[in-house]
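K.L.:
For reference, the chains in residue letters:
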Amino acid sequence: MISYLLRHLQVFFYTLGQLARAPIASLMTIAVIAITLALPTGLYLLIENVQRMSTALDGGAKISLFLKADIDDTAAAQLSKRIRQALEVATVEYISPKQALAEFKRLSGFGETLDTLTHNPLPPVLIVQPSATLDTPQKLDDLVKRLRTNVEVDLAQLDLQWVKRLHGLLQIARRGVWLLSVSLALAVVLIIGNTIRLAVLSRREEIEVIKLVGGTNAFIRRPFLYTGLLQGAAGALAAWALVSLCLSLLAGPIGAVADLYASNFRAEGLGSYGIAILVGVGAVLGWLGSRIAVGRHLGSLEPR
Amino acid sequence: MIQFNNVSKRYPGGLDALKNVSFELAPAEMAFLTGHSGAGKSTLLKLITLIERPTRGQAIVNNQNLSRVTRRRIPYFRRDIGIVFQDYKLLHDRTAYDNVALPLVVAGVRDKDIGRRVRAALDKVGLLKKERAYPIMLSGGEQQRVGIARAVVNKPPILLADEPTGNLDQALSDEIMDLFHDFNQVGVTVLIATHDHRQVQRLGKHVLELKHGEMINDGSPRSIS
Ligand SMILES: Nc1ncnc2c1ncn2[C@@H]1O[C@H](COP(=O)(O)OP(=O)(O)OP(=O)(O)O)[C@@H](O)[C@H]1O
Ligand SMILES: [Mg+2]
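If you read the protein sequences in the order shown, they are chains A and B.
Residue numbers 1 to 304, in the numbering used here, belong to the letters of the first sequence in order.
Residue numbers 1 to 225, in the numbering used here, belong to the letters of the second sequence in order.
Think of the hints as simulated: they come from the structure by calculation, not from any bench.
Accuracy of the hints is not assured; some may be wrong.
[Unchecked claim] Here are the simulated distance ranges between beta carbons:
{"hint": "1", "chain 1": "A", "residue 1": "205", "chain 2": "B", "residue 2": "38", "range": "23 to 33 Å"}
{"hint": "2", "chain 1": "A", "residue 1": "194", "chain 2": "B", "residue 2": "6", "range": "46 to 56 Å"}
{"hint": "3", "chain 1": "B", "residue 1": "70", "chain 2": "A", "residue 2": "25", "range": "34 to 44 Å"}
{"hint": "4", "chain 1": "A", "residue 1": "205", "chain 2": "B", "residue 2": "68", "range": "51 to 61 Å"}
{"hint": "5", "chain 1": "B", "residue 1": "178", "chain 2": "A", "residue 2": "201", "range": "36 to 46 Å"}
{"hint": "6", "chain 1": "A", "residue 1": "201", "chain 2": "B", "residue 2": "115", "range": "52 to 62 Å"}
[What the hints assert, rightly or not] Which stretches of chain B does chain A cover? Using the computed rule of at least three CB atoms under 8 Å from a CB of chain A, they are:
{"hint": "7", "segment": "78-87"}
{"hint": "8", "segment": "100-107"}
Being a predicted model, the structure only gives us computed values, none of them experimental.
Think of the CB as a built atom: it goes at the ideal place given N, C-alpha and C, for glycine as much as any other residue.
Here chain B stands alone, though its shape is the one from the complex (with noise of 0.2 Å):
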């Protein structure tokens, strides 16, 4: 589902983010990717949504070779990414309906579908009594949970986190994660960065590992430090 094939990213300036990084990720597979802060994760799931190129190397996404997407397939490609950020991205002028709401808004889905599909994404996350809320009026995991919701609402093959648990405690992590593996279950290819070691041995899925912008672990929870 995610494939690279030695794919390096030179930031202008001259920093090589990523070095000659290969890995693969089969439909439905599940996979964490860690490393020290400033290794590259964020770079490489920059460069699985396009948001940066790669500069150099092959990668395939979706069964689509990202040199061959262009600027203007860009937002369609997207649409079958889900996107979790540490920050969470939420409109602040919007309520918990209307952000879970905007990725099917975008592509132009039709209003009776729109609000079946949300209350489906909102009750997933266990926050459908909250779909009036706007984010400021959720706690910090409640707002994770409605992220997750609009990376989830319009059922994308692929699903990417950066850091989706970096600002909540333990408990919340672990309902968080419990989120992704519940997708992972039903067919969705997961692909989470994070530094939370504990949460890569409790789930004990694949871990692909970066330092200084170098794959040094592609394998088993076991095999990291």
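Isolated chain A (complex conformation) (with noise of 0.2 Å):
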């Protein structure tokens, strides 16, 4: 009686000791992939989220149209007429050359020598805000190809070159993320390679009596491969989690900067598509990682 209750204690710590272990060693490989996985993420965030700030400031790009000296008051307002009609310009303003004098004189400090000139030097201008739907250097500048075709204008000018070079940096760190994102996503296949493999180790008795009762490699592989891929999918879903909480730690300082430069800007999380799709890249990397894994040990693992 008593070793028949010592049996059914045996089994029963056996059976909770099992539960114990299996959970904490999956979920110290969860979080493993999670930080992994979060990296480049959160990178990506920041670029993406970089890229629109750039874009927001964008806003702030205004395009100079000197216009020829002979060009009058009305002909200028008729070109800024056509200008807002024709193309993706936000607002176009002008500036006469007296006002242009005017503020000159104000900002210059020359008034008076100024006022000994005969005539006005000062070419009339537009100042032409594009919209906000130009979101690259490159729509910038055909609109600045496009704004110079017309015969009033004397001289088009956009100071991009601050937004170049960032674009450009971005172009590099994306690029950097990439490579970043393909060695971490060996680094998840290896992981998951690497916990399966003990795995499978750990149950090779259960693995060589399966073989003798006529189970095939694939019904051998397939609680493994799920388990990578479970393990990939919410080692995903604990990256998003992550990620999401740093986010939400800055998105205080990130809106005070904001609104310094009275920018409405808010940091964005990955959306729902990101979403789906960093679960996805876990889970087939999780699938991928176990298959390896599995593969390579089924092999050895004959029975004798």
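Starting from two chains that each stand alone, build the complex the way the hints lay out.
P.N.:
Here's what the structure looks like:
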């Protein structure tokens, strides 16, 4: 009777031990995968947000159209109207030579000296603010070229240098994130591969028995593949949670900075499409890792 | 049902475990495989189940030439052979029921059929009441009967056993051997490797005796030394 109870207790603790051991092991794996995937995901979000922020600031990039000196107020107004109707611009502001001179006097402090000029040397100017839909330097460049084709325009100028540089940097960063992603994806495959390898080895007796009663390799592989797939997907979900947490911690400071620039820019998370891709990638990597690990070890686990 | 023609097996390392072994078992025949320790009994059974491959010679099992059974086909080939081991080879984290169900599960049998067939097999070995028990809660004889139920649950035409009573006392051995005899009575071809001459004499079946890898006797129990 006592030995019977003892056996029961043994089974009980054995089962309990298995339950307690397995979840912790898989939680650890999931945590490692989460951190591994969170890194490229976070960097990707950073780049996307900087890109969006630079676009928001592109709004500040104005195009100055210096018109030919013989263009009078009416002609300038007509041109301004044409531009507003035909092209993707937000606003067009006209500064007549008179206004320009007045402003120059006020700002330069050369007031009296300039009074001695017999005629106004300043050209009429249109200040064009591109529409927000023009979100790349390329599109802005195209707009400038089209503005230049107007006969009234003498010179069209857009200071794009800093925008171009930023976009160039972002391009490099994006490529860097890609390379990082590839190597970290490899890391995920190896992590899961190793976990599954240990799982396979710890169940070698079971695998041998299954082979002896006619189980195919596919049958033996299946639970391991599911384990890898689930761990990968769970790791990806946890990575998303991690990134979201970081983002929510940064939301306050980012909002404060954006307010300083009178911008309503707010950092954005992955979005449901992005989450789906992340989880899908995690699942595929997990599946791949376990497929490789099981494939490598199944052959060596023939019954003896 | 099982036919060996001049089969030899040399293990890597150069040891000849079987030398030019020939014998034949007719369908529904029952035979004992005897011989000293290291004579090659387990090796012969491993060749039949394709755990090992013959080095030379031809073996035909269940109408299939073993040299033609590819690696991919081995699982399907094994589903027609029930195997019983001296150390039972039960899975200790599964109940008796789940252990017996394993061959059906791997063969993709439907759940409702599994229940019926597992209970029929457990009933046959007299363990219907222990279906929820884990192997650790069963005696050696009971564990071996679970092993036998697992071997016969998908009604294979061939049943092999490697020293199935090696760890059991006389009374339990008798029970186990009688079970094999019962399966033989309903048409299963049975081959049992054993040291136990008492059982060989008691059941009076066809005897194959190996000595240092050679088949030195193929006949009735009386011919055995
Ligand atoms: N995998 C192996 N590699 C090399 N030699 C082996 C291997 N398996 C068995 N042998 C050798 O082959 C010979 C026959 O072994 P086998 O296990 O077939 O004997 P047996 O008749 O089953 O003995 P026992 O009654 O002790 O179980 C032995 O000498 C053994 O050492
Ligand atoms: Mg043996």
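K.L.:
Go through the numbered hints given earlier and state which of them the structure violates, listing their numbers in rising order.
P.N.:
4 and 6
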